[in-house]
Structure formats: C-alpha cells, structure tokens
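S.K.: Sequence:
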Amino acid sequence: MSKKLVIASLLSIGVMAGCTTVAQGPKFNVYQIQTANGTKAYRAECHGVFEGVAACVEAAQRVCGDQPAYKLDTMERLRAISEDANDPRIVTFQCGAPQVAAAAPVAAPEPAPQPAPEVPRQINLSGDANFATDKATLTPKATGTLDQFIQAGQNVTFKSVQIAGYTDSTGSAAHNQQLSERRAQAVLSYLKSHGLRSQNFSAQGFGAANPVASNATSAGRAQNRRVEVRVSTQQ
Numbered sequence: 082m083s084k085k086l087v088i089a090s091l092l093s094i095g096v097m098a099g100c101t102t103v104a105q106g107p108k109f110n111v112y113q114i115q116t117a118n119g120t121k122a123y124r125a126e127c128h129g130v131f132e133g134v135a136a137c138v139e140a141a142q143r144v145c146g147d148q149p150a151y152k153l154d155t156m157e158r159l160r161a162i163s164e165d166a167n168d169p170r171i172v173t174f175q176c177g178a179p180q181v182a183a184a185a186p187v188a189a190p191e192p193a194p195q196p197a198p199e200v201p202r203q204i205n206l207s208g209d210a211n212f213a214t215d216k217a218t219l220t221p222k223a224t225g226t227l228d229q230f231i232q233a234g235q236n237v238t239f240k241s242v243q244i245a246g247y248t249d250s251t252g253s254a255a256h257n258q259q260l261s262e263r264r265a266q267a268v269l270s271y272l273k274s275h276g277l278r279s280q281n282f283s284a285q286g287f288g289a290a291n292p293v294a295s296n297a298t299s300a301g302r303a304q305n306r307r308v309e310v311r312v313s314t315q316q
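One rule links them: number in this note's numbering = place in the sequence shown (from 1) + 81.
Heads up, a few of these hints could be off.
[As the list claims (entries may be wrong)] Heads up, simulated SDA-like pairs for lysine to any residue below, C-alpha to C-alpha not over 20 angstroms straight-line:
#, residue 1, residue 2
1, Lys216, Tyr271
2, Lys152, Cys176
3, Lys273, Val237
Source of the hints: derived by calculation from the structure; they are not laboratory data.
Turn these sequences into a full structure, and let the hints guide you.
M.R.: Okay, structure coming up:
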C-alpha cells in the first residue's frame with residue numbers, strides 16, 4: 082500500500098469516528114450524526130461511478146420511511162433528479178418537516194417624541210390679585226403664573242426678557258412711576274432667581290402711561306395696574 086493510500090485511509094477513519102451506521106446497501110452507506118443544535122441528522126454516502134445522487138435519494142427515503150427527507154444545507158426536499166457529473170456523492174439530510182428558526186419578535190415602534198411645550202412670548206400680570214394695593218410684593222397668584230412661564234421655558238435661553246410695569250392714574254405721577262418700577266423689578270428678580278435664562282434682562286416702569294382700559298372705572302383701573310413680560314428667542 083502506498084504512503085498516499087495509507088494517509089487517505091486514516092483520514093477516512095477519522096471522519097467516520099463517532100458516527101453510527103443506520104443503513105447500508107450496495108450503493109450507499111447512511112450514518113447518523115449530530116448537528117450543531119443537537120438535532121438528529123443523517124449523512125448518506127453514495128457509491129459507484131454511475132450511481133449519482135439517485136443512490137443518495139434512495140438511501141434517504143429508506144431511512145426516513147413515510148417522512149420526507151430534507152437536505153440540511155438548503156432545506157429542500159430530496160427528489161430524484163437527472164444524473165449529472167457534478168452531483169454530490171454525499172448528502173446530509175433530516176427526516177420530517179424542516180426545523181425553521183423562529184422569527185425574531187418585531188420590536189414595537191418607539192413612541193413619537195412629545196413636542197416641547199410652546200413658550201409664550203408675552204405674559205401679563207394685571208389686576209389686584211398679583212400685588213397688594215400700593216405694594217410691590219408678588220402674591221401667590223402672581224408667582225404661580227410666573228412659575229408656569231419658567232417651566233415652559235426651562236430648556237430655552239432667550240435672547241432678551243423685557244419687563245414693563247404700569248399703574249392706573251390714581252396718585253401722583255412720581256409715586257406711580259416709582260411703584261411701576263418696583264413692581265417690574267420684583268418680577269425680574271423672581272424670574273432670574275427661579276431659573277429663567279436669558280442673554281439680557283431689563284425692567285422698566287412707565288407709571289400710568291399706555292393704559293389698556295379706561296381709568297374712569299374700577300375694572301378699567303385694575304387692568305391698567307399690570308406688569309408685562311415679553312421675551313424674544315435666538316431666531
């Protein structure tokens with residue numbers, strides 16, 4: 082026996098080690114093997130120069146009986162096909178319906194991001210509920226309104242925040258001017274100290290100027306006693 086033949090024989094023995102013969106015939110041998118996922122499979126080796134893949138099909142059908150035989154590499158059902166010089170002489174197959182990997186669950190779409198709350202461009206503190214009479218101290222109603230404004234703009238750095246204070250026509254012009262300035266400054270201090278961000282803050286008092294209602298009625302005077310906050314963004 083030549084050296085090449087001895088090596089070939091040893092290789093053949095090594096390949097078949099651990100395989101169990103389940104069927105034999107003059108044209109084929111069938112061995113049971115274990116696949117990577119642990120399922121049972123078979124390998125048919127066909128003999129004869131002229132036998133082709135038909136011998137492997139016959140072997141698989143004999144092993145599987147009434148069950149269909151499927152090639153492991155393509156999961157196509159084995160069937161008798163025309164002879165071809167390129168047909169393989171070794172076929173690995175399983176019996177029964179092919180085991181198809183379960184499809185991965187489809188991930189639920191992520192919820193659409195909620196739009197950021199729109200930041201108002203102007204707020205007005207008007208009426209007697211925002212300041213005590215002739216005082217510049219903010220009431221809880223006024224701070225609640227300002228807190229909502231600060232919350233809406235918490236992710237924004239404004240270009241400017243302009244605060245204007247006004248009074249009604251009651252009292253002297255000097256007194257009204259001073260009171261309107263104090264109230265505007267009180268609003269500015271609250272906004273800055275509670276986190277509103279802006280490149281520029283300004284507060285100014287205008288006394289009884291620019292009334293929005295008639296000073297002849299108490300309701301009109303209440304509307305004129307106000308502080309207006311205007312903001313502008315970077316755009």
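S.K.: Of the hints given before, which are not true for this structure?
M.R.: none
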